[in-house]
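Peer 1: Now for the letters of each chain:
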Amino acid sequence: MSSNEIQSVLLIGGAGFLGLHLIQQFSELKPQPKIHVFDVRPLPDRISKQFSFIPSEITFHQGDLTSPADVRKAIETSGAEIVVHSASPMHGNSQEIYEKVNVKGTKNLLTVSKQCRVKAVVYTSSAGVIFNGQDVHNADETWPIPEVPMDGYNETKAIAEEMVLSANDPEDDFLTIALRPAGIFGPGDRQLVPGLRQVAKLGQSKFQIGDNNNLFDWTYAGNVADAHVLAAQKLLDPSSAKGVSGEAFFITNDTPTYFWALARTVWKADGHIDKRVIVLNRPLAIAAGYLSQFFSKLLKKEPGLTPFRVKIVCAYRYHNISKAKELLGYQPAVDIEEGIKRTLKWMDEGL
Amino acid sequence: MGKVAQLLSHPLELKAALKLKYLRKPLNPDAVAKQSANLTECYKLLTLTSRSFAAVIMELDTELRNAVMIFYLVLRALDTVEDDMTIDPKIKVPILREFDSKLDLESWSFDGNGPNEKDRAVLVEFPCILEEYHKLKPEYQLVIKEITGKMGNGMADYILDENFNLNGLQTVSDYDLYCHYVAGLVGDGLTQLLVLAGFGSKDLYEENVHLYEDMGLFLQKTNIIRDYAEDLADGRSFWPKEIWSLYAKNLSDFAKPENTQQGIFCINHLVLNAMTHIESVLHYLASVHEQSSFQFCAIPQVMAIATLSLVFANPRVMHENVKIRKGTTCYLILKSRTLRGCVEIFQYYLRDIKKRITVEDPSYLKINIQIAKIEQYIESMYQEQLPLGVKPKDTLIYKKVLDRTEDDAKVTLIEEEEEFKFNLSFTMLLTIVAAVYFYSK
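Chains as they are written, first to last, in the numbering used here: chain A, 1 to 351; chain B, 352 to 792.
Read the hints as simulated data drawn from the structure, not as lab findings.
Hints may be right or wrong, so weigh each one.
What the hints assert, rightly or not - Okay, the calculated bits of chain B under chain A, using three or more residues with CB under 8 Å as the criterion:
1. 606–620
2. 723–732
3. 736–745
In this text the structure is predicted, and so the values were computed from the model without any measurement.
Positions of the beta carbon are idealized from the N, C-alpha and C atoms, including for glycine.
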């Protein structure tokens with residue numbers, strides 16, 4: 001089928017964690033499209049052995065996402081018909097940065113892409129856009145975006161997603177789609193798996209907070225990247241574009257898992273097994289969180305346990321991805337166990 | 352521990368046992384009074400071979416009661432021929448292969464079973480089974496005959512399969528196929544009967560082959576895991592090599608004390624395999640509307656999940672045949688009368704399994720993920736955790752559960768009445784005891 005063959009793709013934020021996985025998955029397409037990367041920082045000098053793409057085949061464009069000139073230059077030189085926008089600051093940055101990248105940057109990208117006659121924009125949103133602190137049970141895309149958002153990050157992601165989806169304009173041959181991955185992990189991840197390894201190093205892995213009945217989605221980054229490739233292909237294919245353009249899709253590994261089971265699997269893969277586990281129930285842990293926060297403030301240290309973190313690890317947050325399976329033909333190719341193995345291997349490379 | 356002490360130490364089960372014995376009204380109690388002498392003879396045979404099965408069959412709606420009873424006895428007869436090691440394979444194999452054609456005869460019986468075969472009466476008195484068989488609706492006869500033919504031939508194939516006789520089951524798909532012959536086919540036949548009688552949703556048979564197959568496989572696999580010690584003592588085994596060889600060189604190694612840990616890992620791996628059938632079981636149960644049929648289908652399934660949780664990580668399985676408590680059975684029988692009750696039972700035992708998995712277990716994450724998958728499925732059945740303004744997804748299973756919930760509501764009324772009567776009797780009893788106590792002081 002030639003109609004959805006991608007000639008050239010521009011990956012915005014392509015030097016980041018998910019970015020490298022996007023390069024990998026696009027580079028595995030036959031025939032391989034021309035891959036262009038746009039980012040504020042250059043591609044890493046050394047690429048993990050977990051990736052097999054050839055860095056010299058990638059064209060890199062350094063620039064600022066909020067600059068119309070920078071973005072225009074990259075789009076025009078790449079001749080990309082598809083722009084994948086996965087640039088996003090890490091959780092834990094300032095509100096100012098979120099606003100700048102997620103809102104201003106996305107707005108700029110949409111305007112310039114449309115002016116340059118790009119055919120389709122694939123936006124990496126976040127499953128967090130529907131999260132307001134309440135439990136999320138088997139959520140699908142009909143769940144509303146809460147009026148009061150969880151935090152600045154999710155708020156700006158939701159605003160950006162809304163901009164992307166409402167920019168969808170089939171009359172004018174400009175199509176958009178938003179993917180909402182949940183709990184991305186994999187080689188290059190600086191949060192989930194490394195965070196857990198840190199917990200084990202500090203000897204805190206024997207504590208379990210909550211009853212461990214709450215389900216979570218973890219999603220292997222390579223699978224998230226696969227979903228982006230599929231989204232791009234579906235948008236380029238006129239027979240499927242109508243069904244998917246202007247739509248949002250949850251993307252997960254389709255295997256919700258108990259939070260502590262995942263954590264312990266990581267620790268086990270790392271050679272660490274706790275013989276005894278001390279269970280702190282949720283209210284007790286929240287109280288402890290307040291105390292820890294208070295004393296950490298006094299000592300001017302970063303608190304290990306906070307009420308916010310307790311609520312996060314005790315919440316149900318899992319999603320129903322029937323829509324992505326049905327309309328995008330998405331299937332997670334790498335399962336959680338394999339994903340954890342690859343992530344730990346990457347960490348051991350010490351990059 | 353004695354049975355009484357066991358009951359006393361589990362008050363909920365004691366309550367269930369009392370309710371079951373004194374308060375619960377059996378469904379369709381009039382059927383027994385109207386039956387002929389020959390039919391009574393058949394029910395006697397049924398009770399002789401399986402007391403627990405007999406109890407559930409007797410409560411079935413009269414439309415299906417005799418058909419299921421005859422179906423059960425015919426398969427029992429087949430099994431009694433297959434199981435009896437004193438019969439020469441040269442005689443046995445042709446009987447098994449032609450068993451379905453015996454059903455066309457006016458009268459046929461077989462007295463070639465060894466004198467110690469406990470169910471030999473079923474074959475000796477086969478003419479009375481035949482007589483009732485011929486009185487069944489022709490479409491019911493056809494189903495029984497079809498399944499008997501398939502199962503008889505399957506059994507004969509296994510007897511002649513030297514590799515199987517020498518080395519047991521090899522791959523997991525061999526395991527599934529074996530379970531198909533001994534249990535999947537039973538599910539096939541019963542489902543056909545159920546749909547013909549109009550007691551289950553129409554799509555149950557034709558559109559969802561895996562549903563009834565999984566009903567049978569879930570029961571059979573649970574039994575196979577539990578029966579390890581007993582089967583080994585009889586010189587046979589049904590654990591598939593593909594799984595057990597991951598944990599030991601020889602299947603019998605698990606019985607040695609130094610291999611207990613490996614044995615537990617192997618059992619847990621088999622439990623994981625059995626758990627893959629649970630979603631279908633729940634889907635199937637949601638499709639059965641007529642109450643006596645629902646209970647008939649549900650009771651074995653909830654007993655199986657209770658047994659599965661009992662065998663999970665249980666070193667006793669390597670040495671003895673573990674069984675759930677009588678009181679537990681009473682509790683399960685009462686609670687499994689509604690779909691919601693069944694779902695809660697499954698959830699309870701699955702969470703119990705989850706709590707007991709150790710991180711060292713090679714199946715640790717897989718079991719967690721499988722249980723989570725079932726929890727997600729249960730969530731999609733009821734969809735009760737939706738935020739304001741979100742409508743439930745109109746899926747096939749959701750609609751089925753809605754329908755079945757209406758049936759559940761009728762049963763809930765009965766349950767409430769029993770509860771009321773129980774509390775009333777209990778209060779009266781206490782009052783009398785107190786009165787006697789004060790009076791005698």
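Peer 1: Can you list which hints this structure breaks, lowest number first?
Peer 2: Of the numbered hints, just 1 does not hold.
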